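Can you build the whole structure from these sequences, using the hints too?
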Amino acid sequence: MDVISEFFSEYDGLQAFRTTIYLTLLSAVFALLIGTVVAVMRVSPVRVLQVIGTAYVNIVRNTPLTLVIVFCNLGLFLQLGVALANKDSNTFINDNNFRLAVLGLSVYHASFVAEAIRSGVNTVPLGQAEAARAIGLPFLKTLRYVVLPQAFRGAIAPLGNVLIALTKNSTVASVIGVTEASAVMKVMIENRPDVLFIVFGIFAIGFVILTLPVGVLFTSMSKRLAVKR
Amino acid sequence: MRQRIIAALGIAGLAATGLVACGDDSGSGSGSSGGEKVTIGIKYDQPGIGLKEGSKYTGMDVDVATYVAKELGYDEKNITFKEAPSAQRETLLANGQVKMIFASYSITDARKEKVSFAGPYLTAGQDLLVKSDSDISGPDGLNGKKLCSVTGSTSAQKVKDKFAKTVQLQEYDTYSKCVEALGAGAIDALTTDNTILAGYASQEANKGKFKVVGQTFSTERYGVGLKKGDTATCTKVNDALKKMVDSGEWQKAFDKNLGPSGLKLDAATNPPKTFDACA
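In order, the protein sequence lines correspond to chains H and A.
Last residue of the first sequence: 319 (the working numbering), numbering continuous.
Last residue of the second sequence: 295 (the working numbering), numbering continuous.
Please keep in mind that the hints were generated in silico from the structure rather than gathered at the bench.
Errors might be hidden in some of the hints.
[Unchecked claim] With a straight-line cut-off of 25 Å between C-alpha atoms, the simulated SDA-like cross-links for lysine to any residue are:
id	chain 1	residue 1	chain 2	residue 2
1	A	Lys161	H	Val172
2	A	Lys176	H	Phe107
3	A	Lys128	H	Glu100
4	A	Lys181	A	Lys258
5	A	Lys181	H	Leu104
6	A	Lys227	H	Leu164
7	A	Lys176	H	Asp178
8	A	Lys98	H	Phe290
9	A	Lys128	H	Phe287
10	A	Lys244	H	Asp284
11	A	Lys161	H	Val277
12	A	Lys176	H	Thr261
13	A	Lys176	H	Asn184
14	A	Lys178	H	Thr261
15	A	Lys86	A	Lys227
16	A	Lys243	H	Val277
[Unchecked claim] Sample of chain A residues lacking proximity to chain H, with all beta carbon distances greater than 12 Å (derived):
id	residue
17	Cys194
18	Arg237
19	Lys268
20	Asp292
[Stated by the list, open to error] So the derived label-pair ranges between C-beta atoms look like this:
id	chain 1	residue 1	chain 2	residue 2	range
21	H	Ile288	A	Gln173	35 to 45 Å
22	A	Lys280	H	Gln169	28 to 38 Å
23	H	Leu174	A	Gly89	55 to 65 Å
24	A	Ala126	H	Leu166	36 to 46 Å
25	H	Arg108	A	Gly199	44 to 54 Å
Remember, it's a predicted structure, so these values are computed and weren't measured experimentally.
Ideal Cβ placement from N, Cα and C applies to all residues, glycine included.
Take a look at the structure:
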């Protein structure tokens, strides 16, 4: 099949999938950081923080991802002038778009991460927190040493779901010109409509290869690391 | 309680009459319009070529499509336009969801594997759109500049490979985002077919802000996409196109849709004098 060899040589499909992986991993790290902070805010005893956390989750979770990503480029960059790369660099456009896409993906998925972690917090019996308070730990230490370690172990399965969704959602980054897998697929379809379904099949298989092991890994981890009660 | 039941019954009754009214409407609608129907694929988002504004369709592709459909014996009110995004054009034809496609559809060998083409009805070329005060005079002047096009189109990549090695490419999913970025000064030029560029340059909101450079560096022959092997329709479409050119209707359609932009097409191939053989 010449179209398969074209995928590797002419269109550099592997590089495209590498970009997809970078987008996914970087966004996953930032989403985990932001999401943890938001989850802590939602379970904190301070009313203002609760409201902010809840508002973040409800607003961001209900905004279409395409809008979030397009806003990062047309709104943040074009209108407000927020550039995330060196403007004089000769790879400015690519770097800037990539980082804006990571920003958008992180902010969006952080709301789902926060809800996954909060569901993990809910698996921790109330007695644990009460016992921690009883031995004199303040709120943050209770979280850090007692509640969150158990919460993360309880939240592994839903976090895996978020990671798989994030992998597939990274294709939206193509609307602002990040050359990840789906952008290369569009180019191949434009040039080779005669083998449309093979092109589509290659990229579908690529995404299955990326997401299936993640699903298997997270399922087995959630079983192995589950808190025995 | 009783009042509630009455209210509920009333609402149900209203809803039912609404449904009946709708049913009547569509019934008489399809009854009164006789004749065969045809669905034609066009672009919905290219000013001057194919544009949907509310329930109205305008543009060169639309006018040519309407003329050809009439010549093929379809009444104007029996024409249904359907959006044909670039990536779906071959599939729409293969499935029979549209009979013909007039959507700035360049004739290429790879596409001929999947569909048949009638035409060409217009010959465009790749060009650049820049700000009115820009000093870019052609694709060679783009080194170190920023160039925009849409994801999946090869036009920007062609410029990078052939003319300006150090140009930076910005890709969006739509041309209108490129125009937005060009207006904001984030990019220096937008590249695609000169017909599409002219359409954007002459849009009400963009008047006077941009200019088409006018140095084309490719040949794009717009054909009428047909189901693979449909030579009967192909011959009829070519006859209709020839009639449109000979009668002066082609020129009228061009003047109306693309004339105001000041677009100059290659006079040797426009209006089209010869058409490809139907195969």
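These are the hints, each one checked on the structure:
For the proposed pair Lys161 (chain A) and Val172 (chain H), the alpha carbon gap of about 20 Å is at most 25 Å, so the pair holds. In summary, the hint linking Lys176 (chain A) to Phe107 (chain H) is supported, as the alpha carbons are separated by about 22 Å, within the 25 Å threshold. Between the alpha carbons of Lys128 (chain A) and Glu100 (chain H) the distance comes to roughly 21 Å, so the proposed pair stays at or under 25 Å and holds. For the suggested pair Lys181 (chain A) and Lys258 (chain A), the alpha carbons sit about 42 Å apart, so the restraint of at most 25 Å is broken.
For the hint linking Lys181 (chain A) to Leu104 (chain H), the alpha-carbon distance of about 23 Å falls within 25 Å, and the restraint holds. Proximity of Lys227 (chain A) to Leu164 (chain H) is assessed by CA-CA distance (about 22 Å); at most 25 Å being required, the pair is judged to hold. As the CA atoms of Lys176 (chain A) and Asp178 (chain H) are separated by approximately 19 Å, the hinted pair is consistent with the 25 Å bound. With a C-alpha separation of about 23 Å, the suggested pair Lys98 (chain A) and Phe290 (chain H) falls inside the 25 Å cut-off, and the hint holds.
In summary, the hint linking Lys128 (chain A) to Phe287 (chain H) is supported, as the alpha carbons are separated by about 16 Å, within the 25 Å threshold. Using a Cα cut-off of 25 Å, the hinted pair Lys244 (chain A) and Asp284 (chain H) holds, with the two alpha carbons roughly 11 Å apart. Taken as a hint, the Lys161 (chain A) and Val277 (chain H) pair is honoured in the structure, with Cα atoms around 22 Å apart against an allowance of 25 Å. Distance check on the hinted pair: Lys176 (chain A) and Thr261 (chain H) sit about 24 Å apart at the alpha-carbon level, within 25 Å; holds.
The straight-line distance between the Cα atoms of Lys176 (chain A) and Asn184 (chain H) is roughly 14 Å, inside the 25 Å bound, and the hint therefore holds. A threshold of 25 Å between alpha carbons decides the hint, and for Lys178 (chain A) with Thr261 (chain H) the separation of about 29 Å lies outside it, so the pair is violated. Restraint check: the Cα-Cα separation between Lys86 (chain A) and Lys227 (chain A) comes to about 35 Å, which exceeds 25 Å; the hinted pair is violated. Of the supplied pair hints, the one linking Lys243 (chain A) and Val277 (chain H) holds, its CA atoms being roughly 23 Å apart against a limit of 25 Å.
Separation of Cys194 (chain A) from chain H is inadequate, the least Cβ-Cβ distance of about 10 Å not exceeding the 12 Å criterion. Non-interface status of Arg237 (chain A) relative to chain H is upheld: no Cβ of that chain comes within 12 Å, the nearest being about 16 Å off. Distance check on Lys268 (chain A): its Cβ is at least 32 Å (rounded) from any Cβ of chain H, clearing the 12 Å threshold; non-interface status holds. The beta carbon of Asp292 (chain A) sits about 18 Å from the closest Cβ of chain H, which is more than 12 Å, so the claim that it is off the interface holds.
With their beta carbons about 21 Å apart, Ile288 (chain H) and Gln173 (chain A) fall outside the hinted range of 35 to 45 Å. Between Lys280 (chain A) and Gln169 (chain H) the beta carbons are some 35 Å apart, a value that agrees with the proposed interval 28 to 38 Å. Taking the beta carbon of each, Leu174 (chain H) and Gly89 (chain A) are about 58 Å apart, inside 55 to 65 Å as hinted. Remark: the range hint 36 to 46 Å for Ala126 (chain A) to Leu166 (chain H) is upheld by a beta-carbon distance near 38 Å.
Against the hinted window of 44 to 54 Å, the Cβ-Cβ separation of Arg108 (chain H) and Gly199 (chain A) comes to about 34 Å, which falls outside the hint.
Figure legend: structure checked against the earlier numbered hints; hints not met, in rising order: 4, 14, 15, 17, 21 and 25.
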